[in-house]
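K.L.:
Place chain B on chain A using the hints.
There are 2 protein chains.
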Amino acid sequence: MFFSSLKSKFISVTLVAAVTLGCALPVRATHPNLVITQSDVELMREAVGTEGRFAQAYQTLKNTVDQQIALPITVPVPKDGGGGYTHERHKKNYQLMFNAGMVYQLSQDDKYADFVKDMLLVYADLYPTLPLHPERRVNSQNPGKFFWQSLNEAVWLVYTIQAYDLVINALSEEEQNVIETQLLKPVATFLSSGQPSTFNKVHNHGTWATAGVGMAGYVLDEPEWVEIALYDLEKSGKGGFIRQLDELFSPQGYYNEGPYYQRYALFPFVTFAKAIENNEPERGIFEHRDGVLLKAIDTTIQLSYNGLFFPINDAIKTKGIDTIELVHGVTIAYGLTKDTGFLDIAEQQNQIILSGDGLRVANALDAGKATPYTFDSVAFGDGKDGDEGALVVMRSQVAGDQAVLFKPAAQGLGHGHFDKLTWQFYDNGSEIISDYGAARFLNVEAKYGGRYLPENNTYAKQTVSHNTVVVDETSHFDARVSVGNANAPTLNFFESSGHGVVSSGEISTAYEGVTLERTLALVNLPEMERTITLDLFEVTSDDEHQYDLPLHYQGHLIDSNFQLSANTDQLPALGEDNGYQHLWLRATGTPESGLARVTWLSDNGRFYSQTSLVDGDESFLFTQIGANDPNFNLRNENGFVRRVSGKKTHRFVSLLEPHGEYNPSKEYTLEATSSLESLSVTDQGSVTVVHVTLASNEYLVAINHASEVSEQTQISFQNKTYLLNGHLGVFQLNNH
Amino acid sequence: MFFSSLKSKFISVTLVAAVTLGCALPVRATHPNLVITQSDVELMREAVGTEGRFAQAYQTLKNTVDQQIALPITVPVPKDGGGGYTHERHKKNYQLMFNAGMVYQLSQDDKYADFVKDMLLVYADLYPTLPLHPERRVNSQNPGKFFWQSLNEAVWLVYTIQAYDLVINALSEEEQNVIETQLLKPVATFLSSGQPSTFNKVHNHGTWATAGVGMAGYVLDEPEWVEIALYDLEKSGKGGFIRQLDELFSPQGYYNEGPYYQRYALFPFVTFAKAIENNEPERGIFEHRDGVLLKAIDTTIQLSYNGLFFPINDAIKTKGIDTIELVHGVTIAYGLTKDTGFLDIAEQQNQIILSGDGLRVANALDAGKATPYTFDSVAFGDGKDGDEGALVVMRSQVAGDQAVLFKPAAQGLGHGHFDKLTWQFYDNGSEIISDYGAARFLNVEAKYGGRYLPENNTYAKQTVSHNTVVVDETSHFDARVSVGNANAPTLNFFESSGHGVVSSGEISTAYEGVTLERTLALVNLPEMERTITLDLFEVTSDDEHQYDLPLHYQGHLIDSNFQLSANTDQLPALGEDNGYQHLWLRATGTPESGLARVTWLSDNGRFYSQTSLVDGDESFLFTQIGANDPNFNLRNENGFVRRVSGKKTHRFVSLLEPHGEYNPSKEYTLEATSSLESLSVTDQGSVTVVHVTLASNEYLVAINHASEVSEQTQISFQNKTYLLNGHLGVFQLNNH
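Read top to bottom, the protein sequences are chains A and B.
Heads up: the first sequence runs through residues 1 to 736, numbered per my numbering.
Heads up: the second sequence runs through residues 1 to 736, numbered per my numbering.
Source of the hints: derived by calculation from the structure; they are not laboratory data.
Be aware that a few hints might be false.
Since the list gives no way to pick one copy over another, a pair counts as held whenever it fits inside one copy or between any two copies.
Said to hold, decoys possible - Calculated cross-link-like contacts (lysine-lysine; reagent style DSS-like; alpha-carbon spacing at most 30 Å): (1) Lys666 with Lys92; (2) Lys111 with Lys666; (3) Lys369 with Lys295.
Here chain A stands alone, though its shape is the one from the complex (with noise of 0.2 Å):
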């Protein structure tokens, strides 16, 4: 059905153009058509004449493009791998061809078009000579012939479709006929029919080889190969982009390997949905599974802190909203939906796109129409039912902005970290609790090449480079891919109020016969204007083990509470593997029974609090990453393990405060130290009771773990009774 109702729909368009331009080519006269449409190009015409965002970013194109198109033509015989000269090469031209059609349509001067058109050429004239990549890895599934994987082939035909798709009308037949039967077909059916496990596969290469092919179909007339990206090679639906759409990303928009390779991810899905939508509107692609589309624009968006990605898993830590992919994906999102809290986030981007979109976006700014983004506290449920765990954001304005990301999220692939039920806490814009990210220097070729660093598997993913219990110095799932992507941690609960935010997670096969079970909670008290974080961490075994819980922080230790044994002219690795072997041990300390406080201060001025409930049976291990580093690749960051052993069962009780200020510009230093005066932690039945003293402020923050709360709950303290609602109350006592 589909098939035939496209089908009459390029039929007509052509005979449109016949009719309407009568010029000697049979040209179509719909192009562009993709991203970009006829209509849109007329807007856009006149917009690069008038004064404004968007004739700003065409003339910075242009002037790069003019530039670049001053120089030789080169099309290299394909020879470097990734990274390498003509691997790079080769990228370079495919969005210099776009860059070049985009100028030629706005300037409507030939000779862009004519660049694109000799370029084109030159590699209508390479690709039949080429053989598979001679840096292709050995059985290689995916090979290319431009690049040493298929992957980089399919982004070059979705920037070189649409490179196509803008100056076509500007070429003679013969030259179409040159390019499309020597250089875009035989490209389309390399990545599709030449290569099924790729093309089918449910995954994000997967999704450029049928973003590519797609739109391939729509700009030289093959509808067969639209239906094939849409629903795979043999048009069963188990494979192709509409079944990408229904399984990579959660029912909230949520993509499991993380926001760094969502937003990368978020590209081809925006890209090839656009042109289906601009082409084929009935699809109503955008609409598809409750408008997964722009849900996964927006998650991307929510999965940022003062700019940058949350960066869990394998994530570059300087990634964040301003990135190309989410520009393109900012700007379709404001297409579609003309919320005017996506300008809040293009003016932060502030890149313009050159498209319809993109003009739309430009003129909205310009008019001063965006309106606050809207940050939100959300457990977005992972995997694609929504159902495997979930990554949890909790936030709140109370004392500035905070943010505690909360993981008890499901593996993420191959890029996925072992770090089940880890955190990260951000306040007043900076990361104070952290995760190391990946460890890479990307591009960077004297840091092994400018890929993944060895130490990216010895310490990045394990799990003691993050902030979740250690059993036995073993990682989670033994540091094993397949096992983790098989068993998520479950989502006890989520619940945002005006006392804050709680949630749970536990999973107990991360390691056999242990079961981790934590709780935090992002706690309100307005009348300090303050926030405090509550972490109880339960791990639960019949046997007994050793349960280390490390903390991950930014800034310079002040002191502690209790007294260090420091390691002064002799530094030794704290252990010999699973990431171990990469920490420096500093000191190590072990606290009496009571309250355990570390302070340290962090580069926005603030300092930091952390202080454990312990039984005299923690230890406190001070690590600096960088032990067995001998090419310096690790940055050398501070942390601190918390220790038992011998266990069967420990809760690690923690409460994080942020407090004072440090300003020696001012030469003022305000509240130095932590203001909390006593802490305890008592069970009601479900509910977990912990009396927290502050300065002059006393209060009962009680938190039920029930999974059904639908009604009040009793408690009781020092003979007073106070009813708690949901999952998350505060009490404030009045006794002081």
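P.N.:
For chain B alone, kept in the frame of chain A given last:
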């Protein structure tokens, strides 16, 4: 002579007051007349009623004062030392009296004057009962009564006498009498004739004392006090404010403790000078010594990079041009000169002083009159006659904003570091080759009471913590301040031209029998839009020694072009004493003869390569700060030490090259490797000829070390002749 002219002025003023005001009390109509005059006040009163920066600043201050005067007056009996409660309370009180007095003048609301009066009366009751402060040092020459040391007492008087001057017209004769006889006069007497050694001392402490007493002289009709403040207790001119002006600054306005203390020292100077100017313009205080005070203000600004002071000697590195003392300085400098470059600095300071000059600054900023302030390359002569070496600032704008700080400067008293001929490098807004500054967490009680940490002596002051030669692992002058103060380096030459900036200095007293001579050149290569920095460090002795040249860099090590042997599972300290005990030895390498390159990546996203020309005799020891630091007091920064042993003479030759860009957010990396292909150094008479090949550009850099370079010098290279003008020549060779 001064005395009689003063006397007559005071008398005439009093007469005018009696005649023109004709009110009941014999008020002194010219109050206020210290930093702020009666005519200033009239203009300021007008300004607070209009819109603009001045009115905003007033409103902000008034809100603060309103909150504070709503609280009870608290004047505790002195008990605590520096940082303790009574100490901090008395500091707050003088600031509050001054601020309330200011709001009184501008609002003309009596409640503010009443508040100041009430507090002064409490002080007047308390003062006669006070013994010397219980926390004073044993046998102290300068105890206080409100404070443990009289320095704070003098600061108290500087603020309090101004507060009194602001409210005096609102007080009854009796109130004036009580406050003057029981409080202000006794304090002034205590600080002058009561402590001759401090009052007469040509030292910053003396400046505060003379400023307080002198200003009290103007307010309390004690012209004799002005005389002794200016010329010492005996009016001999051997001490006093004028002598301090003559000796504490070099002719160019450099204060030899360095900019961190210069901005602090500046405050009583400019405050008292402004009061002198307002009361006795005929003294021409701002013209004194060719305008040295204005030069001192300007020099403080010049000694900054990207808003922060060069952190030589004991310096907190976050201190910069927005410190309140320099805000006062810039305000007064603009008032005197109307130089609109000062407005550029004032705009960055973003604080308006409530004074006549502050109003002039605010109005000029409101009118958009600021013009860019020019940062120059300057050799600031050190010592009172400017002949005790120099602090050299070298700047370039050829490749962004770059600065080299070179320090052939004098010791700088007790806060000076043992770092003769050290250097620092700044680029692109960031510190690249760094100085540790002071080891101190200002006012953080947990860190050694907020005072200088023990590690300030054991590490931060020691030579190895700087970027200069250490002989036999001992510090310059064997770390004896008195020896350092007696022996300054020599500035051999300094020259700034289109080719760049070059400077050379030497010292033969830092170590017995060893001469250290260093030449640094920041060389412009405009055709490459680059600079390079050449560093030639010549060490000469008749005896064999070990010579170490450390380089402390900010960033992440990328690689070296020679093999490193790393300490991977045990980290030893580099040495046992003189700062070496605080360095971990992470790796060692001994490059073969030729170019030894080390590359690191700065947080600013640029790469830096330091390439040394070696003979196979230099070892490179890669270090990290943090050994023997049981309290986690030190920052864990990185560096490497070049070492030769058993040598009489050695020339350390190196070239620093900023290059490329690391942009993981936009996913590109440019020029991550050094473009230096070859480097050679030859000597032709007094000229050192450096042949540099950088990618496709080849240069000769010639440095003439002769003290006289009045004539052109001929040098030859590869059978061609080049003519060198001055000390620095750069010749682009054409054979590429």
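K.L.:
Now tell me, hint by hint, if it's right for this structure.
P.N.:
Status of the hints after comparison with the structure:
1. Within a single copy, Lys666 and Lys92 get their C-alpha atoms only as close as 49 Å, which misses the 30 Å cut-off; across copies the closest is 14 Å, which meets it.
2. In the homo-oligomer, the alpha carbons of Lys111 and Lys666 lie at most 30 Å apart only across protomers (29 Å), although the nearest pairing inside one protomer, at 59 Å, exceeds that limit.
3. Only within a single protomer do Lys369 and Lys295 lie at most 30 Å apart by alpha-carbon distance; the minimum there is 22 Å, versus 50 Å between protomers.
Violated hints for the displayed structure: none, as all numbered hints are satisfied.
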